[in-house]
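The listed protein sequences correspond, in order, to chains A and B. Using my numbering, the letters of the first sequence map in sequence onto residues 1 to 169. Using my numbering, the letters of the second sequence map in sequence onto residues 1 to 119.
Be aware that one or more of the hints could be misleading.
Claimed, not checked - Beyond 10 Å from chain B on every Cβ pair, some chain A residues (computed):
(1) 29
(2) 57
(3) 84
(4) 87
(5) 108
(6) 151
(7) 166
To be verified - The list that follows gives simulated cross-link-like pairs (lysine-lysine, DSS-like), each with its CA atoms no further than 27 Å apart:
(8) B:79 - B:40
(9) A:40 - A:106
(10) A:58 - A:40
(11) A:166 - B:81
(12) B:3 - B:40
(13) A:58 - B:3
(14) A:106 - A:58
(15) B:81 - A:106
(16) A:40 - A:166
Keep in mind the hints are simulated off the structure, nothing from the lab. Cβ atoms here follow ideal geometry from the backbone N, Cα and C, with glycine treated the same way.
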Amino acid sequence: MTAFSIQTTAEDHRIAWFTALAITIHIIESALPSPLPGLKPGLANVVTITVLILYGWKAAAWVSILRVIAGSLILGTFLSPTFLLSFSGALCAILALFIADALPGKGFGPMGFSLLAALAHMTGQVSMAYIAFVPHPGIWQLFPVLIGFAVLLGASNGLISLFVLKRLT
Amino acid sequence: MTKADRILYLITALLLPMMFYFSWTGDKEADYADVYVDNKVVRHVSLSGQQEIDVAGALGHSVLQIDHGRIRFNTSPCKAKVCIHRGWLQRGGEFHACLPNRVSIALRSNANEYDSINF
Chain A
1 MTAFSIQTTA
11 EDHRIAWFTA
21 LAITIHIIES
31 ALPSPLPGLK
41 PGLANVVTIT
51 VLILYGWKAA
61 AWVSILRVIA
71 GSLILGTFLS
81 PTFLLSFSGA
91 LCAILALFIA
101 DALPGKGFGP
111 MGFSLLAALA
121 HMTGQVSMAY
131 IAFVPHPGIW
141 QLFPVLIGFA
151 VLLGASNGLI
161 SLFVLKRLT
Chain B
1 MTKADRILYL
11 ITALLLPMMF
21 YFSWTGDKEA
31 DYADVYVDNK
41 VVRHVSLSGQ
51 QEIDVAGALG
61 HSVLQIDHGR
71 IRFNTSPCKA
81 KVCIHRGWLQ
91 RGGEFHACLP
101 NRVSIALRSN
111 ANEYDSINF
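In isolation and in its complexed conformation, chain A is listed as follows:
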C-alpha cells in the first residue's frame, strides 16, 4: 500500500467548511415539502452568496458545485433528473455571478447577486427540463410563475445573506 498525502491550502479548508455548511442546509431543506416541482427556498445559496462577497467568485463556484454534487450523493439523487436540474441550475447561477462579478464599477451587493443567481438558476433548470425531460412548449407557461417565486426567494435569500455578512464583518 502506498500512502498518499495531498497538499491542502488554507483556501481548500475554507471551501470545504463552507461546502459542509451548504450541504447541511441543502439536506435539511430537502425534507421540506414543495408546493410546485422545481421550487425550493434554496437557502444553501445564502452560503454561496456570502462566500462570493467574502472570498470571491472562484471560492463561491467551488462551494456551489461541490454542494450540489455532494448533496445529491448523500440524498441518493446523483445523476437522477433531480440532480441534472439542480446541477444545470447551479452552473447557470455561477455563470451569471461570474458575469455580474466581472462588471466594472461598484457592482452588486448580496441582494443583487442573490436575485441574479436565483433567476439564472431557475432559467437553467427550466431549460434543462425542456431539453431533457418535457420537450413540450407548455412548460414555458409555467415559467413566469416559477420566475415569480425565484424573485421572492432570491430576494429573501439576499436579505438573509446581508444579515449574515453584517454579523460576520
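Following the hints, position chain B against chain A.
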C-alpha cells in the same frame, strides 16, 4: 442595496408582468376538430361556418353541430346524454367523448389551451 442592485430589482419588477402577459395571453381558439370513432379519426373538420356532421358510432348516429368556431353534440343515441350536456367546445386542446357511442371530439389549434385533460 447598491445602485446596481436597485437597477436589477427595477428591471425584474418590470419584466415579470411582461412574461406573464406574453405567455398567458394570445389566441387560443380552436381552428379545427378531429372526430374519433373507436379511437380512430373518422373526420377532420374545420370549425369555420355552420355545419352539421353525422357520425356513425357503436349505438347509432351522433350529430355534431359546428357554429363559427365551436362544436357540440347535438343528437346522440346514448342514454345519459352527458355529451350533449357538455355543451359547446371551442378552445384548442379541449376534448370530449361520448363513451356509450364511442364518439369523441378533439379540438385543435396552433396554440393549444391544454396539453392534456384527465377525468
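Status of each hint after checking the structure:
1. 29: It holds; residue 29 of chain A is separated from chain B by about 24 Å at its closest Cβ, greater than 10 Å.
2. 57: Consistent with the label, residue 57 of chain A stays out of reach of chain B, its closest Cβ about 16 Å off (over 10 Å).
3. 84: 22 Å, holds
4. 87: Given that every Cβ of chain B is farther than 10 Å from that of residue 87 of chain A, nearest at about 24 Å, it holds.
5. 108: 5 Å, violated
6. 151: 6 Å, violated
7. 166: Correct as stated: the minimum Cβ-Cβ distance to chain B is 13 Å, above 10 Å.
8. B:79 - B:40: 23 Å, holds
9. A:40 - A:106: 31 Å, violated
10. A:58 - A:40: Distance of about 25 Å is within 27 Å: holds.
11. A:166 - B:81: Violated, because 69 Å separates the two Cα atoms, which is more than 27 Å.
12. B:3 - B:40: Violated, at roughly 62 Å.
13. A:58 - B:3: 24 Å, holds
14. A:106 - A:58: 19 Å, holds
15. B:81 - A:106: Since the Cα atoms of residue 81 of chain B and residue 106 of chain A sit roughly 70 Å apart, the hinted pair is violated (cutoff 27 Å).
16. A:40 - A:166: 25 Å, holds
Checked against the numbered hints given earlier, the structure breaks hints 5, 6, 9, 11, 12 and 15 and satisfies all the rest.
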